[in-house]
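In order, the protein sequences belong to chains W and G.
Under the numbering used here, the first residue of the first sequence is numbered 7, with each subsequent residue one higher.
Under the numbering used here, the first residue of the second sequence is numbered 37, with each subsequent residue one higher.
Honestly, the hints are just simulated from the structure, not real lab data.
Note that CB positions come from ideal geometry on N, CA and C, so glycine has one too.
There could be a bad hint or two in this list.
[Stated by the list, open to error] Derived lysine-lysine pairs resembling BS3-like cross-links, with alpha carbons at most 30 Å apart:
#, chain 1, residue 1, chain 2, residue 2
1, W, Lys153, G, Lys204
2, G, Lys127, W, Lys336
3, W, Lys385, G, Lys204
4, W, Lys74, W, Lys21
[As the list claims (entries may be wrong)] If you anchor each label on the Cβ, the simulated ranges turn out as follows:
#, chain 1, residue 1, chain 2, residue 2, range
5, G, Tyr45, W, Leu12, 18 to 28 Å
6, W, Leu206, G, Ala55, 38 to 48 Å
7, G, Leu190, W, Leu113, 53 to 63 Å
8, G, Leu176, W, Ser253, 50 to 60 Å
9, G, Ala57, W, His27, 53 to 63 Å
10, W, Phe313, G, Gln41, 47 to 57 Å
11, G, Tyr45, W, Ile15, 37 to 47 Å
12, W, Leu206, G, Ala150, 56 to 66 Å
13, W, Arg326, G, Gly198, 44 to 54 Å
14, W, Ser253, G, Gly198, 16 to 26 Å
15, G, Ala57, W, Val100, 21 to 31 Å
16, G, Ala101, W, His208, 25 to 35 Å
17, W, Val377, G, Gly198, 32 to 42 Å
18, G, Phe178, W, His208, 51 to 61 Å
[Unchecked claim] In silico negatives: residues of chain G with every beta carbon more than 10 Å from chain W:
#, residue
19, Leu43
20, Ser51
21, Leu52
22, Ile72
23, Gly136
24, Ile141
25, Val187
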Amino acid sequence: MENFPLFLIISSIVKILIIAHLLIIGVMVMIWAERRVSGWMQDRLGPNRVGPQGLLQPIADGLKFMFKEDLIPNHVDKPLYVLAPAMLLVPALVGVAVVPFGNSITLFGNEIPLQIADINIGILYILAITSLGVYGVVLGAWASNNKYSLLGGLRSSAQMISYELTLGLAIIGVLMLTNTVGDNSALSLRVIAESQGSHLWHWNFLIHFPAFLAFTTAMYAETNRLPFDLAEAEQELVAGYHTEYSSMKFAMFFMAEYMNMIVGSAVVVTLFLGGWHFFGLENVGGPVWSGIISFGIFFVKTAIFLFVFIWVRWTLPRFRYDQLMNFGWKFLLPVALTSIVVTGTLWITTGSRLVVGIGNVVAAFIVVSIVAGLLVMNKAPEPAIRDNDRQITPSALDAIE
Amino acid sequence: MNPEQILFYLFGAVSLIGAIAVISFRHPIYSALSLIVTFFAQAGLFVLLGAHFVAAVQVIVYAGAIMVLFLFVIMLLNLGTLSAKGAISGKLKGFAVILGILLAIEGVYIAANAISDPPDASAEAATESVNTTTYTIGELLFNEYLLPFEVTSLILLAALIGVIVLVKRESQAEN
């Protein structure tokens with residue numbers, strides 16, 4: 007411990023405290039924002055009674071959850087039933103540790119990078135942590151000893167495993183352009199963010215647009231949000247994997263979903279949207295202010311992305327299960343794979359970001375067209391059972407009217 | 037004891053307890069979960085060795101993907117608690133005894149070696165100088181070990197296609 011300077015320890019603890027609390031406050035704000043924005047999108051008010059503009063509504067909800075009876079049904083597998091919400095919440099919380107949320111602040115002659123831990127396998131750490139999130143869902147579902155829960159859990163695990171592949175493959179193109187020869191820290195999220203510089207055309211979402219879309223879509227699936235929320239499809243499965251959960255345990259599932267959203271958005275901003283960079287604005291001001299401004303830029307970008315999360319949820323209907331699997335395996339995965347091949351080939355041959363960017367889009371377009379064409383050609387005839395539902399002819403409709 | 041040693045003993049103990057729990061639990065789900073705990077502790081040991089990449093892969097592949105499939109299968113088959121009798125047949129028992137004895141001999145041999153010839157500081161320094169970062173692993177994998185790497189991927193591909201063929205044949209037979 008001797009070679010650990012005291013300043014480093016104190017600044018790390020302060021950073022951890024700030025970020026952990028920001029995450030929890032962010033969850034509360036997101037719950038409020040989701041309900042207000044959905045209200046706005048559906049031309050209604052949403053919660054507006056508790057506090058100004060209903061801002062205190064999440065606190066009221068939280069208090070309600072705490073005062074509710076902590077019910078453990080008799081038929082559940084008790085240890086796992088209690089453990090499952092925590093197993094979902096913990097990966098959601100620790101994922102944020104490697105996200106660089108700003109440049110650095112110089113205080114008392116010490117430079118403090120605005121990141122809890124800059125490890126050289128940052129992006130792999132994120133992938134590892136996201137792949138663990140599935141345990142909370144699966145164990146909660148199984149321990150509940152309920153058909154609907156189990157179905158939800160199985161759906162969710164199949165979905166998360168399928169989309170994890172895309173998640174991992176989509177970032178390889180980004181890593182290829184980030185790595186400078188001989189440097190072995192290309193997997194660090196800080197290096198990825200720094201490499202995107204302040205030029206807009208260095209931002210990865212322009213160079214790897216198809217991979218960006220694939221990664222974002224896969225991330226929506228990983229967070230079990232609409233249009234990928236088959237694990238908790240109300241109309242089919244009551245509430246899916248958390249049917250048997252109530253009070254604070256349910257709230258933990260709920261919080262984990264929003265935390266995953268926030269961490270996921272932060273990761274996308276870091277990987278594809280230039281991190282804390284914005285046209286050199288992050289260099290304005292002294293050693294302290296520039297750090298705070300860079301954090302502000304990162305914060306705003308993440309917030310915008312979170313708004314898109316809500317926007318998508320209230321715009322798109324839920325996928326059917328076969329559509330979900332088809333989409334993941336037959337569209338997203340080929341697009342991510344193509345992006346690897348095209349990025350590698352074009353970067354080696356031309357070395358121009360512009361060519362790579364255009365090539366990626368063209369190649370993705372071609373691949374999607376081919377897959378869509380094959381799907382249309384090989385389309386199996388509709389199953390016979392369905393025919394009965396479709397027997398309503400226009401004349402029959404007229405008769406009903 | 038420095039912090040690294042404390043962490044080493046912590047991870048070592050957790051991984052041993054997890055491994056014992058795998059074979060002591062009667063319920064397959066709990067066994068699978070104990071195995072995940074063991075994998076985690078081993079990932080921690082890899083981090084202590086400076087092999088961050090291997091640690092991450094350990095968690096992604098074993099804890100994140102393979103064990104999820106294990107749980108998936110156990111849940112789908114809905115295996116109940118195993119009873120003590122009839123779980124293992126006579127032939128398997130003999131096999132297990134032989135394997136157990138072999139492992140015990142191996143363990144004793146390694147322990148005896150470590151006691152009689154403890155690893156010295158120079159060996160420790162040698163392991164530290166080896167760069168075990170992602171870059172080094174990638175370089176080795178795509179230069180020195182390119183052929184084994186490609187052969188492995190071909191074997192995996194063959195297994196993948198084999199599974200698809202088997203499943204396809206069954207579903208066609210049903211039709």
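Hints, verified against the model:
no.: 1; hint: W:Lys153 to G:Lys204; result: 29 Å, holds
no.: 2; hint: G:Lys127 to W:Lys336; result: 46 Å, violated
no.: 3; hint: W:Lys385 to G:Lys204; result: 16 Å, holds
no.: 4; hint: W:Lys74 to W:Lys21; result: 33 Å, violated
no.: 5; hint: G:Tyr45 to W:Leu12: 18 to 28 Å; result: 26 Å, holds
no.: 6; hint: W:Leu206 to G:Ala55: 38 to 48 Å; result: 52 Å, violated
no.: 7; hint: G:Leu190 to W:Leu113: 53 to 63 Å; result: 55 Å, holds
no.: 8; hint: G:Leu176 to W:Ser253: 50 to 60 Å; result: 53 Å, holds
no.: 9; hint: G:Ala57 to W:His27: 53 to 63 Å; result: 35 Å, violated
no.: 10; hint: W:Phe313 to G:Gln41: 47 to 57 Å; result: 49 Å, holds
no.: 11; hint: G:Tyr45 to W:Ile15: 37 to 47 Å; result: 23 Å, violated
no.: 12; hint: W:Leu206 to G:Ala150: 56 to 66 Å; result: 58 Å, holds
no.: 13; hint: W:Arg326 to G:Gly198: 44 to 54 Å; result: 30 Å, violated
no.: 14; hint: W:Ser253 to G:Gly198: 16 to 26 Å; result: 49 Å, violated
no.: 15; hint: G:Ala57 to W:Val100: 21 to 31 Å; result: 23 Å, holds
no.: 16; hint: G:Ala101 to W:His208: 25 to 35 Å; result: 33 Å, holds
no.: 17; hint: W:Val377 to G:Gly198: 32 to 42 Å; result: 24 Å, violated
no.: 18; hint: G:Phe178 to W:His208: 51 to 61 Å; result: 27 Å, violated
no.: 19; hint: Leu43; result: 12 Å, holds
no.: 20; hint: Ser51; result: 17 Å, holds
no.: 21; hint: Leu52; result: 21 Å, holds
no.: 22; hint: Ile72; result: 8 Å, violated
no.: 23; hint: Gly136; result: 29 Å, holds
no.: 24; hint: Ile141; result: 36 Å, holds
no.: 25; hint: Val187; result: 21 Å, holds
In this structure, the hints that do not hold are numbers 2, 4, 6, 9, 11, 13, 14, 17, 18 and 22, in rising order.
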